[in-house]
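Got chain A sorted already, so can you dock chains B and C onto it with the hints?
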Amino acid sequence: MLRRSILKAGAAAAFALSIGTAAQAELNGPVNYIIPFGPGGESDISARLQQPFFKDKFGQDMVVTYQPGGGGAVGWASLNGLSGDGQTIMGVNLPHIIIKPAQKDVGFTTDGLNSFYMFHFTPDAIVVPADSPYQTLADLVEDAKANPGQVTMSGSGKASANHLAQIKFDKMTGALTTYVPFKGTGASTTALLGKQVKAQWGYTTVGAKQGEAVRMLAVAMEDRHPLFPDVPTFKELGYDMVGGAYRGIALPASASAETTKMWSDMIGEINSDPGFRQQMLDGGFALLDISVDEMGDFMAARTEEYLNDAREAGLIK
Amino acid sequence: MELGHFLSAMTPVNLGLALFGVIAGTIVGSIPGLTATMALAILVPITFSMEPASALILLGAIYTGAIYGGAYAAILLNTPGTPSAIATTFDGYPMAKRGDGDLAVALACFASVVGGMVGAIALLFLAPPLSKVALAFGPIEYFWLSIFGLSLIASLSEGNLAKGLAGGAFGMILSTVGVAEISADIRLTFGSQVLIGGFGVVGALIGLYCIPVLIDLVAVPDRHLKVEEDVKTLRIGEAYRIAARSKFNLIRSSVIGTIVGILPGAGGSVAGLVAYSEAKRTAKPHQTFGAGEPDGIMATESANNATVGGGFIPTLVLGIPGTPPDAIVLGALLIQGVRTGPAMFTQSGSIVYTFIYGLIIATILMLPAGLLIGRYAYKSIVTIPKAVLVPTVGFMTIIGTFSIRNSVSDVIIMICLGVFGWVVARFGFKASPIVLGLILGPIAEQGFVQGWTIGAATNNLFGMFFGRPISQAILAFTLITLILPLVLARKQRKAALEGK
Amino acid sequence: MMSASKAKSQGQIGSLLTSAFFVVAGVVTLYDTTGYSDRDSQVFPQTVAILLILTAGISFVHRFLRPSDEDGFGTGVWWRRCLLVLTMAAACLAMPYIGFLPAGAIAFAGGLIAAMHDRWSRSTALLYWGAGAVIMVVFFAFFKFALLVPLP
Numbered sequence: 001m002l003r004r005s006i007l008k009a010g011a012a013a014a015f016a017l018s019i020g021t022a023a024q025a026e027l028n029g030p031v032n033y034i035i036p037f038g039p040g041g042e043s044d045i046s047a048r049l050q051q052p053f054f055k056d057k058f059g060q061d062m063v064v065t066y067q068p069g070g071g072g073a074v075g076w077a078s079l080n081g082l083s084g085d086g087q088t089i090m091g092v093n094l095p096h097i098i099i100k101p102a103q104k105d106v107g108f109t110t111d112g113l114n115s116f117y118m119f120h121f122t123p124d125a126i127v128v129p130a131d132s133p134y135q136t137l138a139d140l141v142e143d144a145k146a147n148p149g150q151v152t153m154s155g156s157g158k159a160s161a162n163h164l165a166q167i168k169f170d171k172m173t174g175a176l177t178t179y180v181p182f183k184g185t186g187a188s189t190t191a192l193l194g195k196q197v198k199a200q201w202g203y204t205t206v207g208a209k210q211g212e213a214v215r216m217l218a219v220a221m222e223d224r225h226p227l228f229p230d231v232p233t234f235k236e237l238g239y240d241m242v243g244g245a246y247r248g249i250a251l252p253a254s255a256s257a258e259t260t261k262m263w264s265d266m267i268g269e270i271n272s273d274p275g276f277r278q279q280m281l282d283g284g285f286a287l288l289d290i291s292v293d294e295m296g297d298f299m300a301a302r303t304e305e306y307l308n309d310a311r312e313a314g315l316i317k
Numbered sequence: 001m002e003l004g005h006f007l008s009a010m011t012p013v014n015l016g017l018a019l020f021g022v023i024a025g026t027i028v029g030s031i032p033g034l035t036a037t038m039a040l041a042i043l044v045p046i047t048f049s050m051e052p053a054s055a056l057i058l059l060g061a062i063y064t065g066a067i068y069g070g071a072y073a074a075i076l077l078n079t080p081g082t083p084s085a086i087a088t089t090f091d092g093y094p095m096a097k098r099g100d101g102d103l104a105v106a107l108a109c110f111a112s113v114v115g116g117m118v119g120a121i122a123l124l125f126l127a128p129p130l131s132k133v134a135l136a137f138g139p140i141e142y143f144w145l146s147i148f149g150l151s152l153i154a155s156l157s158e159g160n161l162a163k164g165l166a167g168g169a170f171g172m173i174l175s176t177v178g179v180a181e182i183s184a185d186i187r188l189t190f191g192s193q194v195l196i197g198g199f200g201v202v203g204a205l206i207g208l209y210c211i212p213v214l215i216d217l218v219a220v221p222d223r224h225l226k227v228e229e230d231v232k233t234l235r236i237g238e239a240y241r242i243a244a245r246s247k248f249n250l251i252r253s254s255v256i257g258t259i260v261g262i263l264p265g266a267g268g269s270v271a272g273l274v275a276y277s278e279a280k281r282t283a284k285p286h287q288t289f290g291a292g293e294p295d296g297i298m299a300t301e302s303a304n305n306a307t308v309g310g311g312f313i314p315t316l317v318l319g320i321p322g323t324p325p326d327a328i329v330l331g332a333l334l335i336q337g338v339r340t341g342p343a344m345f346t347q348s349g350s351i352v353y354t355f356i357y358g359l360i361i362a363t364i365l366m367l368p369a370g371l372l373i374g375r376y377a378y379k380s381i382v383t384i385p386k387a388v389l390v391p392t393v394g395f396m397t398i399i400g401t402f403s404i405r406n407s408v409s410d411v412i413i414m415i416c417l418g419v420f421g422w423v424v425a426r427f428g429f430k431a432s433p434i435v436l437g438l439i440l441g442p443i444a445e446q447g448f449v450q451g452w453t454i455g456a457a458t459n460n461l462f463g464m465f466f467g468r469p470i471s472q473a474i475l476a477f478t479l480i481t482l483i484l485p486l487v488l489a490r491k492q493r494k495a496a497l498e499g500k
Numbered sequence: 001m002m003s004a005s006k007a008k009s010q011g012q013i014g015s016l017l018t019s020a021f022f023v024v025a026g027v028v029t030l031y032d033t034t035g036y037s038d039r040d041s042q043v044f045p046q047t048v049a050i051l052l053i054l055t056a057g058i059s060f061v062h063r064f065l066r067p068s069d070e071d072g073f074g075t076g077v078w079w080r081r082c083l084l085v086l087t088m089a090a091a092c093l094a095m096p097y098i099g100f101l102p103a104g105a106i107a108f109a110g111g112l113i114a115a116m117h118d119r120w121s122r123s124t125a126l127l128y129w130g131a132g133a134v135i136m137v138v139f140f141a142f143f144k145f146a147l148l149v150p151l152p
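Residue numbers (the numbering used here), protein chains in the order written: chain A, 1 to 317; chain B, 1 to 500; chain C, 1 to 152.
None of these hints come from the bench; they were simulated from the model. Among the hints, a few may not be true.
Okay, derived cross-link-like pairs now, DSS-like style, lysine-lysine, Cα gap no bigger than 27 Å in a straight line [claimed, not checked]:
id, chain 1, residue 1, chain 2, residue 2
1, B, Lys430, A, Lys195
2, B, Lys132, A, Lys183
3, A, Lys168, A, Lys145
4, A, Lys55, C, Lys144
5, B, Lys430, C, Lys144
Here chain A stands alone, though its shape is the one from the complex (with noise of 0.2 Å):
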């Protein structure tokens, strides 16, 4: 039995290093860049901007298709059924792919996925509209305190990244606000904007995108926004907040570490061009280079920190 493993094992190094030896991975054709959700959200958005330059940088086509479903789960769960050969990847996104498997079994689990970078964040933010009475977080938390219950503010989806802020920081502060769940954070704006809720919990990008139409009382960074320098973080008003939501990309597993490593350097490039910093950041995303070396560590600290926000928020047990 034992030497049985041992010889699988072997010819398993031995073909691994056959693979390695006789030809450093490369791609051969376009790659299908899987999105685990409908378009026009963040991670489409992010997907589109990396597109032209991976064209640019390395010569094939980068084809962006959806497969909605269940969150995001339909997509995961299938990752890894396809083939490893580095012509297929898809976006990953946290919390989702560590709250949901902990909620139940959605049909992935968080250390099966090959998650090999995570190239940016977009950083919680309260959004209000701007013309609402609310001009600084002070104005909202003591109205929040003063009525319980009666600040309305609307978010994506529930045990989400803008759910998770949203009891955090009722708890950091001691008021009570409603959150109320929307799909997507394209409706969540929309209910905001149409003075359907009285705040927002959003992302950076809302504010990138919206403009001139709403304010942003605070943003959930280490240092500002370099696109709202006069936007204070959280942590300026006393309340220790960094976070949001984490994007980046995940192989099938059975991909080998060449082709992760490729990968992995792939977009690790197209985040240090300056171009595509830029275009990034003018959407409201900020940048993050955790790339296939760091990422252990990575998702150990965020797995930790979200399954605890999540437990102490009675979402999962």
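Chains B and C alone, transformed into the frame defined by chain A:
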């Protein structure tokens, strides 16, 4: 200045792109399973190297063509090629069955062009003010709008209301299967992974509408559609006269389509259903909606094409995509470095206006292109021997359903749903109420949950549900739609009794 | 006597069974909702399930009290229906193993045989099977290479 934009939309390149887009879109739309979203997603990289306005014209032309193309399969195969064409099946297929398929295709083309023009003109002249409609619609308004759409079940299932409602309720239950959209629970999957993504609308449409048709086709040796002896051309003259007679219906449906198109949470399928419902409510006594009434096709087709222009209003003015294809166009704009938002019409005015004129030109080109393609579509469907038609359509359902999410289990779900739909339809539970429930269920659920959350938080539940003017108007229309037929029927019965 | 034969007709039994199925579907939904953690996920399915049980229940009772031989599968050849559906299902199950085109061919062949009501002649056979092959290859190529769908 306006003329300048018009002229820049008329360059040979832009005209060529508009024509190509309309033709490609029509073909894509006519194949069940292929959606405008998918065609646009694939074409976006090609537009990187184009001028922004040309890129937009190409994408807009494909979008508008696809919405029209959805009518072919709806009329000739009882299968909406795109969800927007659901209500086209109600009267289109009965017309085709009795030998008027050519007329129906021509009518759909006229109606689509009219609807597309109304939507585009609204986009041209009224975009900034109309974009406010998107914001005035809150969760409760969406809730009542979905209830209004569901009220169509009552008139679709005359004589058997209980079964119609049961079908609608079952459709709504199907819509909850999988990971809940806004509340993150996993519902009705019974522990299996297959259902976690829920029943996709496009796959369900193919299953519930197309598979039963195929099952019925193979069982008997009769021809698929009744055909007049010599099929030469579409009956364009006749179609034109009918369309001209129904101009009021066309305009009303186009306006409904434009407004519903502006609502980011609704889309072409809802627009078609609402316009159909309104056309049916105001029908003259001799009109038989549901049994091949030309006005039914025209209402749906003008409304769904009007959503194209309507959908671009919030997309361009607010940066909020009205429909998934709009979201892709928005992404393409972002990559081109164009900022959307209220300032777009002033800052990037030349791009926007050139695009709108391009969309209008594409819509006009749809008339000759659509009639020509429609003629071939009709001819090929009626002349292909049944023995080839059935497996071809069957093969298309498989490949089309697969490509929605690249998933084999979606195809299996589609076939199972089709067999199920065929069986229950045989015992009085028709497919359309189930489909209505499936499409409107999520809108109703989200609107209700959000409205309830907000109402409860502000201690104003009653005001939330019944106190808002738009809600009251929609509610009033719903009640009229439901009660008026009952009153009229009673009057008729009385008159008949007195006559005796 | 008349009503007894009606009560046993295919239409009567089938109608009762489908109505009963919908009632059961409503009950199953109600049971499933008890396992949800969020009240927001429960409200809608519960409401709709109750509506389903009521309406399907009404049509069941209505039919039970007034038996008739309305509805039913009607005429038509069963083996053709089954062949069509079963080959389509078989094609799906086989697709991951044998690839899309061979699997599609199974479904196509099934549909072609099922829908062929005329007598086969050498020319029709050649024409139909040939047309089928061309149609499938063209669609396959269109989806795989123009639309870039990763068909297995």
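* Restraint status (C-alpha distance of A:Lys168 to A:Lys145 at most 27 Å) -> holds, 15 Å
* To do: Could you grab the alpha-carbon distance between A:Lys55 and C:Lys144 and see if it respects the 27 Å cut-off?
  => Roughly 21 Å between the alpha carbons, so the hint for A:Lys55 and C:Lys144 holds.
* To do: Below or equal to 27 Å on CA atoms is what counts here, so check B:Lys430 against C:Lys144.
  => violated, 35 Å
* Asked: Holds or violated: are the alpha carbons of B:Lys430 and A:Lys195 at most 27 Å from each other?
  -> violated, 40 Å
* To do: Assess, step by step, whether the Cα of B:Lys132 is no farther than 27 Å from the Cα of A:Lys183, and give holds or violated.
  => Since the Cα atoms of B:Lys132 and A:Lys183 sit roughly 20 Å apart, the hinted pair holds (cutoff 27 Å).
In terms of the numbered hints stated before, the structure departs from hints 1 and 5, listed from lowest to highest.
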